[in-house]
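4 protein chains.
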Amino acid sequence: MLIVMKKGSTREDLARVAGLVEGMGLTPHVLQGSAQTIVEVTGQTAPLDPGSFESLPGVARAVPAGGAFPLAARQSPAHETRIALGGRTIGGGGVFVMAGPCAVESEEQLLRTAHRVKEAGADALRGGAFKPRSSPYHFQGLGLEGLRILARAREETGLPIVTEAVGEASLELVAEHADVVQIGARNMRNYEMLKRAGRLKKPIFLKRGMSATLEDLLLSAEYVLNEGNDQVLLCERGIRTFSQHSRFTLDLSIVPALREATHLPVFVDPSHATGYRDRVAPMAAAAVAAGADGVMLEVHPAPESSLSDGRQALLPAQLADLVARLRDIAAIARHRTEAVR
Amino acid sequence: MLIVMKKGSTREDLARVAGLVEGMGLTPHVLQGSAQTIVEVTGQTAPLDPGSFESLPGVARAVPAGGAFPLAARQSPAHETRIALGGRTIGGGGVFVMAGPCAVESEEQLLRTAHRVKEAGADALRGGAFKPRSSPYHFQGLGLEGLRILARAREETGLPIVTEAVGEASLELVAEHADVVQIGARNMRNYEMLKRAGRLKKPIFLKRGMSATLEDLLLSAEYVLNEGNDQVLLCERGIRTFSQHSRFTLDLSIVPALREATHLPVFVDPSHATGYRDRVAPMAAAAVAAGADGVMLEVHPAPESSLSDGRQALLPAQLADLVARLRDIAAIARHRTEAVR
Amino acid sequence: MLIVMKKGSTREDLARVAGLVEGMGLTPHVLQGSAQTIVEVTGQTAPLDPGSFESLPGVARAVPAGGAFPLAARQSPAHETRIALGGRTIGGGGVFVMAGPCAVESEEQLLRTAHRVKEAGADALRGGAFKPRSSPYHFQGLGLEGLRILARAREETGLPIVTEAVGEASLELVAEHADVVQIGARNMRNYEMLKRAGRLKKPIFLKRGMSATLEDLLLSAEYVLNEGNDQVLLCERGIRTFSQHSRFTLDLSIVPALREATHLPVFVDPSHATGYRDRVAPMAAAAVAAGADGVMLEVHPAPESSLSDGRQALLPAQLADLVARLRDIAAIARHRTEAVR
Amino acid sequence: MLIVMKKGSTREDLARVAGLVEGMGLTPHVLQGSAQTIVEVTGQTAPLDPGSFESLPGVARAVPAGGAFPLAARQSPAHETRIALGGRTIGGGGVFVMAGPCAVESEEQLLRTAHRVKEAGADALRGGAFKPRSSPYHFQGLGLEGLRILARAREETGLPIVTEAVGEASLELVAEHADVVQIGARNMRNYEMLKRAGRLKKPIFLKRGMSATLEDLLLSAEYVLNEGNDQVLLCERGIRTFSQHSRFTLDLSIVPALREATHLPVFVDPSHATGYRDRVAPMAAAAVAAGADGVMLEVHPAPESSLSDGRQALLPAQLADLVARLRDIAAIARHRTEAVR
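Protein chains in written order, with our numbering: chain E, 139 to 479; chain U, 139 to 479; chain A, 139 to 479; chain S, 139 to 479.
Just so you know, these hints were derived from the structure itself, not from any lab. Do not rely on the hints blindly, as some may be mistaken.
Note: identical chains are not told apart, hence a pair may lie in one copy or across any two.
[Stated by the list, open to error] Derived DMTMM-like pairs: lysine to aspartate or glutamate, alpha-carbon spacing no greater than 25 Å straight-line:
#1 339 with 314
#2 145 with 178
#3 145 with 218
#4 145 with 317
#5 256 with 246
These figures come from a predicted structure and were not determined experimentally.
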């Protein structure tokens with residue numbers, strides 16, 4: 139931490155800062171410039187809160203020196219978490235495709251979709267049993283019955299299952315049935331839920347909140363990692379901006395930024411972000427070209443009868459075509475490994 | 139609901155729409171314009187999901203006719219929820235002031251502050267026992283011990299207590315000790331928590347999420363109301379924008395917009411939004427001038443030693459001065475009742 | 139300027155930085171901490187571009203020490219620009235009200251409005267002769283004829299005239315006829331226009347661009363000041379955000395932020411920001427409570443026949459009522475002088 | 139235009155709307171639903187301003203039926219503008235690469251860069267002679283001398299020249315020397331400049347403003363097209379959002395959205411958007427994968443001595459590698475033609 143003193147700050151201000159630092163068991167080093175004074179703090183083991191210093195009189199600002207998320211931070215170019223799932227590996231250069239319907243609507247719908255997802259060459263099946271909906275009057279998912287249907291689809295196709303938990307209560311239930319537990323954008327800052335997810339033994343698929351910065355996202359991952367679960371997958375799914383041509387603004391440049399900042403795998407969900415089927419394929423391709431380790435796609439055998447978000451679901455035939463193209467683009471996008479050197 | 143068909147849509151498209159409407163037990167009315175066709179839907183009792191129609195072939199868009207939040211919606215200019223608290227009333231023209239430290243740090247700190255808050259003329263005491271923090275390494279609150287300290291402050295001062303629950307688990311605990319249960323911005327979309335809050339018998343102080351629209355906020359309130367709890371207070375606390383001169387952008391024009399849209403009382407928290415003590419008083423005054431029913435303010439007897447957000451806390455002497463000024467402004471701001479006519 | 143070197147930067151990196159500083163005729167001072175190295179630069183007379191240093195190898199970041207806008211910056215609590223206009227003074231504690239129609243539509247409309255504006259107690263007449271419209275197909279204003287009508291209204295009422303120039307070409311023409319030359323949000327970053335405005339002898343009313351930060355706005359003011367025109371009025375008029383309940387998000391907390399940062403008077407335009415008549419009065423009151431020196435309001439004698447933005451125009455009777463209320467609120471909002479101490 | 143009347147609107151309200159429509163020489167058709175009344179307007183040749191109707195009593199809202207930008211709008215899947223430049227074609231499936239330094243700094247720097255750009259396989263040379271800078275104290279470009287240097291580079295390399303005009307005055311001057319005239323993000327809403335650009339005989343490279351919606355961008359293009367210049371290139375360069383990991387948020391999903399909406403070619407500038415060299419290549423690749431017709435890239439032979447934006451400039455060797463990869467990705471991204479079907 140570097141604590142920059144204001145011009146005009148007094149000796150007392152400086153002494154107060156030094157005292158607070160020492161009171162924390164740390165060491166202050168005063169750097170006296172010709173016009174400015176800076177206190178360098180050494181000795182900390184966990185990240186300090188800049189706010190504790192910035193509220194002191196005479197302090198202009200406090201700049202964290204070490205990172206705010208030591209467990210999530212990439213330590214070297216080669217430092218990359220790989221996660222084995224369903225016989226394949228997430229991370230390391232390929233593209234891992236999760237696909238399926240927004241919501242599990244019935245056994246028939248889900249099994250039919252699961253087979254098409256398998257045939258299309260995808261690596262995992264997604265589908266919501268619990269649906270967080272903005273309105274209490276909209277379809278909220280089949281719940282436990284949905285989880286059972288998903289498990290049956292895994293038996294039939296061999297595809298690992300990714301599905302969302304919507305609160306502390308559903309977390310264990312989902313972990314029991316699913317291979318990967320999704321925490322959605324709306325719960326990215328539900329810290330109690332994150333702590334509990336950190337005590338599960340399943341990979342956590344953590345979606346970026348619609349107003350979360352890169353740092354917010356990594357701090358939420360840090361909550362999970364800090365409890366002992368080291369399998370966290372990050373997912374960009376669009377942020378809220380003034381731009382109205384798509385449902386959310388897919389912030390794809392967070393992909394290379396995350397790859398620099400963290401060793402955790404990075405996914406992109408272009409379906410929720412764009413909200414329109416025709417834009418999903420271009421944005422999935424763009425995500426892979428930008429260096430994403432995987433994508434999460436919505437697909438539905440009959441989107442016009444979907445109970446939620448039908449407009450954004452790909453048709454099964456489109457999925458097969460897209461998966462092939464994504465694997466070609468991943469092969470070309472060799473900057474992915476270069477970017478972090 | 140009005141369903142506007144695309145130019146070039148077919149008879150089959152129209153029949154499919156009409157069929158879906160009838161399948162829901164509702165009545166479709168086809169309005170044939172000279173260039174456009176519109177299906178008007180009547181008979182619904184709960185809000186429909188426009189997405190169910192917009193995914194159908196041939197549909198340009200679906201416009202909800204009734205409101206999306208029937209319980210939160212204002213039905214007439216005179217329709218205003220008033221909530222009695224600590225012998226005073228929220229709503230109806232005055233300004234209700236909640237003040238206190240960001241976090242409960244110790245019994246000594248809280249009691250000292252509580253007495254100053256009381257002397258300053260505020261109406262309720264706020265203070266966080268559970269603190270949702272972006273980083274797992276920052277102070278997370280005293281928990282149950284904090285709740286007990288708050289209860290002691292109520293005994294000593296007679297001020298009602300407002301404090302935050304941070305997840306489903308802490309909700310009942312907080313409701314046991316507090317007079318008003320706060321749900322913070324980070325949990326505004328934690329729908330499982332909202333449903334449980336709807337089954338409590340205490341008023342819910344619901345803060346707007348940092349990327350929530352007016353409709354999102356009222357839909358979250360609707361989750362609480364729909365479970366039977368009709369005491370919901372709404373609070374603007376700043377949104378995330380590109381603008382960096384304050385911590386969040388206080389979106390004050392949501393105050394008159396909410397007053398038009400809903401019968402629920404509207405609060406503003408200028409402390410978290412601005413992040414700087416010197417800007418809290420101007421923005422609190424602005425909130426009341428814009429028509430807010432109340433404000434939530436941070437105050438700390440010794441902000442420089444605060445464990446969280448000290449920079450934004452008012453000094454007790456500033457609070458007393460501000461409370462008096464806010465009451466004067468509320469008296470002038472008579473447009474508040476006019477705005478909804 | 140403080141140039142913070144990266145951990146792991148080399149002696150060569152440091153020498154390169156020092157060399158570049160000296161090459162600019164400035165003095166580098168190397169501050170060697172126990173873990174970090176910082177180069178403090180002294181001797182500069184004009185603000186330096188941090189980018190010139192941040193592109194050097196080994197540099198973590200460059201922090202400007204002096205301000206980026208020396209002419210616009212407030213030097214002391216008492217440092218406040220006051221501008222005399224039409225026998226009244228902008229700045230110094232009162233509230234200066236500019237009111238009038240969005241666009242000059244006809245002599246009859248403008249004169250009728252001007253008299254009502256005068257009767258309502260406003261201090262200046264606004265009205266657009268040149269209208270910057272997003273679509274080339276919408277009404278673009280009466281141009282020179284509009285300026286002449288405005289001049290006639292000044293003769294009849296004695297009110298000073300505020301009107302917008304829409305490009306370099308119209309700037310001199312507007313300056314000839316108007317008392318205050320407005321530069322709209324869309325031209326806030328039209329630097330060639332700003333330079334020319336700096337050579338006029340009339341006050342410049344500079345509106346904040348819809349994506350401009352506080353610093354961007356003051357840098358644009360700096361362009362005008364730097365050419366010798368020291369009469370610049372700043373105006374908040376709303377920014378673009380995801381929030382859709384109002385046309386733009388009125389960022390009122392920029393008012394106290396600007397009062398700290400600059401000696402220039404600060405106005406607010408609640409009409410364009412909110413887009414709805416019923417929200418203009420609350421937000422004008424809020425602006426004054428937040429410490430604004432003045433407001434710009436739209437008023438129209440028959441809004442339903444207005445050629446532009448009729449929905450947001452106040453009726454003349456509403457204006458009279460509002461002006462009185464604003465003066466009362468300004469009298470209470472004594473924090474305005476406190477805020478900068 | 140569809141004008142939706144409010145529930146509770148009167149016969150007089152309806153008659154007033156019909157009268158206004160007829161007064162414009164257009165035909166109103168009243169569609170009477172069982173609960174709502176809608177007025178369909180036919181006969182218009184240019185887009186109507188919804189605001190003219192929405193300010194009338196009894197009107198809920200006015201929905202434009204035809205497009206707001208008839209000249210920029212795509213009329214059919216096959217409708218695509220192609221522009222010949224330097225012996226190559228923009229549009230039609232390939233990727234057109236414009237590259238060069240942010241600013242022309244000297245003849246030596248520019249010529250050296252131009253040769254490297256040529257060798258790298260790029261299609262055009264970019265470089266700023268006039269630089270719009272936020273601060274009046276930063277380097278503003280070499281002006282006319284810069285244009286002459288650019289012309290010399292064209293003679294030596296055969297590459298067509300793309301450079302920016304910063305106001306009405308520089309527009310003709312730039313058009314004389316350059317092959318493509320750039321209008322930057324800050325001037326996207328400088329309508330007087332756009333009108334003049336519409337009377338030039340050179341292609342206009344129009345960058346999206348940092349707070350412009352898709353519609354705003356196409357309306358600005360419409361200003362140029364409406365004056366007779368049918369050669370307009372659109373360019374996404376990042377928008378202002380809360381997200382701080384990159385300088386601007388590159389809104390790549392506007393690429394497929396624009397391809398649906400317009401026949402004009404779509405470019406992306408990843409250099410200004412990301413602000414960091416290492417993120418330029420991934421985002422350029424993503425842009426092409428998303429369907430962009432071209433990219434604009436910054437390259438500098440010695441970025442550490444650049445007078446502006448050196449951090450974001452690619453090295454010449456990186457450019458050559460990137461151009462090859464972009465052409466490979468373009469060949470795979472065959473969804474570009476599918477997207478609009």
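Hints and how they fare:
In this homomeric assembly, residue 339 and residue 314 come within 25 Å of each other (Cα to Cα) only inside a single copy, at 10 Å, whereas the closest approach across copies is 34 Å. For a Cα distance limit of 25 Å, the shortest separation of residue 145 from residue 178 qualifies both inside one copy, at 17 Å, and across copies, at 13 Å. For the identical chains of this complex, residue 145 and residue 218 are inter-copy neighbours only, at 22 Å across copies versus 43 Å inside a copy, given an alpha-carbon limit of 25 Å. Taking the shortest alpha-carbon separations for residue 145 and residue 317, neither the intra-copy value of 56 Å nor the inter-copy value of 41 Å comes in at or below 25 Å.
Taking the shortest alpha-carbon separations for residue 256 and residue 246, only the intra-copy value of 16 Å comes in at or below 25 Å, while the best inter-copy value is 58 Å.
When held up to the earlier numbered hints, the structure conflicts with hint 4 and nothing else.
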